[in-house]
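Following the hints, complete the assembly by docking chain B onto the known chain A.
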Amino acid sequence: MDDVERACALLTRWVIERVSVEAAAWFREQLAAVRRAREPKPLYLALGYVPRRLGKADLALSAAERAEAEALRPGFDPTDWSVDQAARIALLLASHDGDPVRFKDRLETLFRTADIGETIAFYRGLPLYPGQELLVARAREGARSGMRPVFEAVAHRNPFPKERFDENAWNHLVLKALFVGTTLAPIQGLDERANPRLARMLCDYAHERWAAGRPVSPELWRCVGPHADEAAVGDLARVLASGTAEERRAAALALSACPRPEAAELLAGVPELVAAIRRGEIRWTDFARG
Amino acid sequence: MYLDPHTHMISRTTDDYERMAAAGIVACIEPAFWLGQPRTHVATYIDYLSMIVGFERFRAGQFGIRHYCAIGLNSKEANNEELAEAVMEILPRFALKEGVVAIGEIGYDEQTELEDRYFRRQLELAKELQLPVMIHTPHRDKKRGTLRSMAVILEHGLDPSWVVIDHNNEETVRDVLDRGFWAAFSIYPFTKMGNERMVEIVKRWGSERIIVDSACDWGISDPLAVPKTAELMRRAGIPEADIRKVTYANALAAYGKSGQIKEEDWLDPPPVDQRLLYMGNSVLRGGQEPRIEVRKPGLGEDLRIV
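Sequences listed follow chains A and B, in order.
Taken in order, the first sequence gives residues -8 to 281; the numbers are from my numbering.
Taken in order, the second sequence gives residues 168 to 473; the numbers are from my numbering.
Be aware that a few hints might be false.
[To be verified] Heads up, simulated EDC-like pairs for lysine to aspartate or glutamate below, C-alpha to C-alpha not over 16 angstroms straight-line:
(1) A:K47 <-> B:D432
(2) A:K47 <-> B:E367
(3) A:K47 <-> B:E431
(4) A:K47 <-> B:E265
Just so you know, these hints were derived from the structure itself, not from any lab.
If you're wondering where the values come from, they're calculated on a predicted model, not measured in any experiment.
Excised from the complex, chain A in its bound form (with noise of 0.2 angstroms):
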């Protein structure tokens, strides 16, 4: 069995473990249709009624479930799918016939005529497609999205963007996220990709908010801390003077990432923000919202 395999593999006994006998049959016999199809109808009946046989259930996976996810494919995390989702990703997967050009242009057809649902669950499944570096267009084209669900189908517990978004477009998932007003915290990779341009645009974001009497996301200043430049290290010293007790949180554990000597003697003002740190109790997931 190759990678797709495995992946509708797992998918399809997620979702039959899931549903009545009835419903398992019925998405059995869909799987073997779109499998022997020599045209597309097959796969796009049956991705239309999926929600109607199999339902919309949560998929709630179990720890040891999760796990499976994760050895299948690293940063795949299912954790929010619904039995939906997973069965219209398990029927992508049985259309592929080996060509992954093929496939993405079957996906993009796809695409094109989606519902509301059906375009949330294939930007899920981007992860496990055949032909990922074919897939980035239409990855950034999610990630410009103004549906939040949408925009979090690519962005959110999705190793896509990590893995193949330039520091351009990784740099405008992160700021299109504060704009559309989600949280950060599921982004996966936000750590690893934050860079010295991106520290930079979130700060002439904050800026912007704190110019319009808006308020700032404690959130932005995770992927500040690491790469601020003398500026943003003002920056952080504002909210640490005169933030809300949250803010305060957020920009002192921004410092503490922060390898500035200004940004030590900023921490120096606030051991007791300092010692929380140490015993791990300000983490940036504190700051997930929503």
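Frame of chain A; chain B shown alone:
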């Protein structure tokens, strides 16, 4: 709670959604139609259909309103044969999307041969896919066009309880009800029904199989037509149970035959759907009745734009 089963929300603003939600509208149905001017390519038709099953559904959800749609080739654009053929080919791809509750709005405009051909083919499609049908009755030569629509539907063997005849008036209601169809009325200023006339219709014909909608679109129309009409009926002493039928329950029963629209969608949506709603909340936020108020026209008290 109200359901407006005929709205073209892609032409409406966020203010409209806010006012609809505040007035108690929990769900709306967007039938595919033309856009005020004809499309010239099937590709724009594809984008239109994917908009009403995609972004518009999301947009409505941000205001706590559930959005459904009907998929079809409208009678006006049926007169462009090249476009119509291409659209017929892609319709099956959209008819099974989530939240598609009918084939519609289809029917006649000028009652041309081409309109007739594509009307009939779409009736067959509805039969094949077991979907209800929403019928647009023509504005001109209305009575004859309505009778002809019903005759063709019966000729094709569709069950009239699966078909909503829309844009009725005092002249058509009897024939529609007599034949067992649902009779919908679009409360639309100047060209279709006024809502005082609607009150009289309900007094005269009762609430069985009668449906009120706004048909709000890019023209002078009112997305609050359903709640306003309900309020007028209340003031005229029409019993609450009848008001509920014509402004909510009847449309739900008719389009509910698709299996794609259920009361739970807004009262108790599954978590995967709640994630599509604003702040993850269902309309009723913990089982409460929605706030019923019709906002006064004008700027309101709060002029701030934050």
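| message | Hints numbered earlier in the text: which of these fail when held up against the supplied structure? | response | 2
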